[in-house]
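There are 2 protein chains.
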Amino acid sequence: MKSDKTGLAANRRLAQARPQLELTPIAEASGVPLYRQVKRALIKLIESGRYAPADCLPSESAIASGLQVSIGTLRKAVDELVLENVLIRRQGKGTFVVMHNNSRFLFQFFHVEKRDQDLSQEHPYPAVECVSFERARATAEEASALGIGLGDPVFRVGNRLKLSGLPVVYDRLAISALTFKGLTEKQFVERSSTVYHLYQCDYGITVLRAHDRARAVSASHDVCRILGLRPGTPVLEVHRIAMTFGDKPVEYRVSTINTQHHDYVSLLSKRI
Amino acid sequence: MKSDKTGLAANRRLAQARPQLELTPIAEASGVPLYRQVKRALIKLIESGRYAPADCLPSESAIASGLQVSIGTLRKAVDELVLENVLIRRQGKGTFVVMHNNSRFLFQFFHVEKRDQDLSQEHPYPAVECVSFERARATAEEASALGIGLGDPVFRVGNRLKLSGLPVVYDRLAISALTFKGLTEKQFVERSSTVYHLYQCDYGITVLRAHDRARAVSASHDVCRILGLRPGTPVLEVHRIAMTFGDKPVEYRVSTINTQHHDYVSLLSKRI
DNA sequence: AAGTGGTCTAGACCACTAG
DNA sequence: TAGTGGTCTAGACCACTTC
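Those sequence lines, one after another, are chains A and B. Each residue of the first sequence is one higher than the last, beginning at 1 in my numbering. Each residue of the second sequence is one higher than the last, beginning at 1 in my numbering.
Heads up, a few of these hints could be off.
For identical chains, the list gives no copy identity; a pair is met inside one copy or between any two copies.
To be verified - Listed below are the simulated DSSO-like cross-link pairs for lysine-lysine, each with C-alpha atoms no more than 30 Å apart in a straight line:
1) Lys270 with Lys76
2) Lys248 with Lys44
3) Lys76 with Lys114
4) Lys44 with Lys162
5) Lys270 with Lys93
6) Lys186 with Lys162
7) Lys181 with Lys114
8) Lys248 with Lys186
Calculated from the structure, these hints are not laboratory results.
Based on the provided sequences and hints, a complete structural model is requested.
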């Protein structure tokens, strides 16, 4: 542990009045900064479901005293979790666990935009239609992306996304059937919002980050049919691995985008 | 101003012993948090060239006392500038203004990667060949992207990038000739590293962020010639606006990427 | 008025770098 | 050994939200 700074160790020894919640004092950990340990403790509470999406955490002073750290240290841990899109602060109200609602999804994970669009304009929510659903065995590509074994059971789901009524994106996603036990086509067909919301609400899995790899290809027969394109049209194919805590892969998705009137956008180094 | 917290205002009134450097006490600014004002002051010192790329800033305690703020407030300002890729901290050594060396460029702005490459592997630096250079008048597209007038003078530069000896990317960039007065073809042909390094060292302009818009198109005649492709091959076209402080556009670049063996990669929400 | 997060200060000690 | 950034604490007050 960090040891004897400003009487920290002494404080710890005295603390026998068990604090509220699961906020027990941080265990010793050599070399690791205290605020990192606090961060891990908070992540555990969220991963375990003790604090669910959209829940309000206890106040900063309550958490700090519960974990027996100073409020500055607690704030530094929360700062990082806010930057990592795990928590959201709302002044005067509290600190909340992130929730994958539609606007959040749009902002963080949906990067298809109409070309020549003035920036002031709102982008519309994409309308999603589920076009296929199957239970199958993982291909080598899927197994590698999801970190599972070749032939392990997966769900494969095909979705068509329309923007302003026109089909623009064809998504095919694969998720482990072991992680998402008992998933049904109905859940995909009937959901009113992003699948990340479904993962989070029905399975407690929060998608935090993703890796995209984009390339240009000729539209396949299937893609042409689903997006209404002429054979051989150049389309953008994005391979995405979506990840949760600890960079554990959750979903592998291949999106085919008709880029005749839309772009795949990306910000290099976001503004603060 | 923030007013009478812990005797802050009183401290200010006393301070007449002019501190070293241009680190004069922060002027009053209603409502704006002090650390934001500190941040602006630091940005100004960097923009003005008082601290050049790769320079070491004065120590945190020196800056804090110079600006008459607490060290915690100064650190918060520096924290943000580090996140925005303006400053770099090196424990034990000091805080430095960023320098666009090759490895930094690669990490932050060059997002083309070989497919099926094991992650542990280093990517090689792209070898750049300047294939064209001209002084011209801005098209509507260039003018809009660069925030200049239609017909204003620009430099247009074409570069071919090779990876492992094979041509993969064809870049065409446009920059304002008013901003980059006196630029010569020689500078582009002879430089040994990224153009962002050139902008920074020769013109004091630091590229901090960029917006990319990617789409799939059929390779044009020119592109086929330069990248050695068959006519009609689908290629990825990335339109980039590179920006400096205050999101001022500096460069507009169209990159055409042969994605037969490479991908354009993008991270959604970076890890901390 | 009470409770929350946001800002600011002051000062201590730790970890790393370099002469 | 001296100087730098990194961590941690303690406590004050501000701004916002809700009742």
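Okay, the hints, checked on the actual structure:
{"no.": "1", "hint": "Lys270 with Lys76", "in the structure": "both (20 Å within a copy, 18 Å between copies)"}
{"no.": "2", "hint": "Lys248 with Lys44", "in the structure": "within (15 Å within a copy, 42 Å between copies)"}
{"no.": "3", "hint": "Lys76 with Lys114", "in the structure": "neither (38 Å within a copy, 37 Å between copies)"}
{"no.": "4", "hint": "Lys44 with Lys162", "in the structure": "neither (38 Å within a copy, 46 Å between copies)"}
{"no.": "5", "hint": "Lys270 with Lys93", "in the structure": "both (26 Å within a copy, 27 Å between copies)"}
{"no.": "6", "hint": "Lys186 with Lys162", "in the structure": "within (20 Å within a copy, 49 Å between copies)"}
{"no.": "7", "hint": "Lys181 with Lys114", "in the structure": "neither (37 Å within a copy, 35 Å between copies)"}
{"no.": "8", "hint": "Lys248 with Lys186", "in the structure": "within (26 Å within a copy, 48 Å between copies)"}
Comparing the model with each numbered hint stated earlier shows that hints 3, 4 and 7 do not hold.
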